[in-house]
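Peer 1: Our numbering applies: residue 1 is where the sequence shown begins, and numbers increase by one.
If you're looking for bench data, these hints aren't it; they were derived computationally from the structure.
A couple of the hints might just be wrong.
Stated by the list, open to error - Cross-link-like lysine-lysine pairs, in silico, DSS-like; alpha carbons within 30 Å at most:
hint : residue 1 : residue 2
1    : K72       : K9
2    : K16       : K72
3    : K19       : K39
To be verified - So the derived label-pair ranges between C-beta atoms look like this:
hint : residue 1 : residue 2 : range
4    : D76       : I7        : 12 to 20 Å
5    : F23       : K85       : 29 to 37 Å
6    : D21       : M1        : 31 to 39 Å
7    : N2        : F24       : 30 to 38 Å
8    : E5        : P28       : 26 to 34 Å
9    : F63       : I27       : 15 to 23 Å
10   : G17       : K85       : 25 to 33 Å
11   : Y29       : N3        : 29 to 37 Å
12   : G68       : T10       : 19 to 27 Å
13   : F84       : G58       : 17 to 25 Å
14   : F59       : G82       : 15 to 23 Å
15   : Q4        : I27       : 29 to 37 Å
All C-beta atoms in this analysis are idealised placements derived from N, C-alpha and C, irrespective of residue type, glycine included.
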Amino acid sequence: MNNQELIEKTYLEATKGIKEDWFFSDIPYWYSYVVNLSKHLQVTYLTVVLENQVLNGGFHQYFANSYGQFAKETIDALIEIGAFKNQIS
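All chains should be modelled from the sequences, with the hints used to inform the complete structure.
Peer 2: Shown next, in the form of structure tokens:
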């Protein structure tokens, strides 16, 4: 299994419990679900969502589609995968 296939498999596993109506609920089911995923599922979910949203419509889309509620967790996920190790200073 190559890296892309592994990411897709893990992302599907991470999202299998998400219910569509959570996106429109005042009760934070979606947030609770994501922050309680195991570390590898959470990291995969958050980084895939960030990439998909930013590539599709930019950071505006990421925040407009309510993913901004995961901003802190997403930064932590990016740190976890070493995304900032090669940053240009």
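Peer 1: Against each hint, give a clear statement of whether it holds in the structure.
Peer 2: Hint check:
{"no.": "1", "hint": "K72 / K9", "result": "holds (24 Å)"}
{"no.": "2", "hint": "K16 / K72", "result": "holds (23 Å)"}
{"no.": "3", "hint": "K19 / K39", "result": "holds (20 Å)"}
{"no.": "4", "hint": "D76 / I7: 12 to 20 Å", "result": "holds (18 Å)"}
{"no.": "5", "hint": "F23 / K85: 29 to 37 Å", "result": "holds (33 Å)"}
{"no.": "6", "hint": "D21 / M1: 31 to 39 Å", "result": "holds (33 Å)"}
{"no.": "7", "hint": "N2 / F24: 30 to 38 Å", "result": "holds (36 Å)"}
{"no.": "8", "hint": "E5 / P28: 26 to 34 Å", "result": "holds (32 Å)"}
{"no.": "9", "hint": "F63 / I27: 15 to 23 Å", "result": "holds (21 Å)"}
{"no.": "10", "hint": "G17 / K85: 25 to 33 Å", "result": "holds (32 Å)"}
{"no.": "11", "hint": "Y29 / N3: 29 to 37 Å", "result": "holds (31 Å)"}
{"no.": "12", "hint": "G68 / T10: 19 to 27 Å", "result": "holds (23 Å)"}
{"no.": "13", "hint": "F84 / G58: 17 to 25 Å", "result": "holds (20 Å)"}
{"no.": "14", "hint": "F59 / G82: 15 to 23 Å", "result": "holds (21 Å)"}
{"no.": "15", "hint": "Q4 / I27: 29 to 37 Å", "result": "holds (35 Å)"}
Going through the hint list in order, the structure satisfies each hint without exception.
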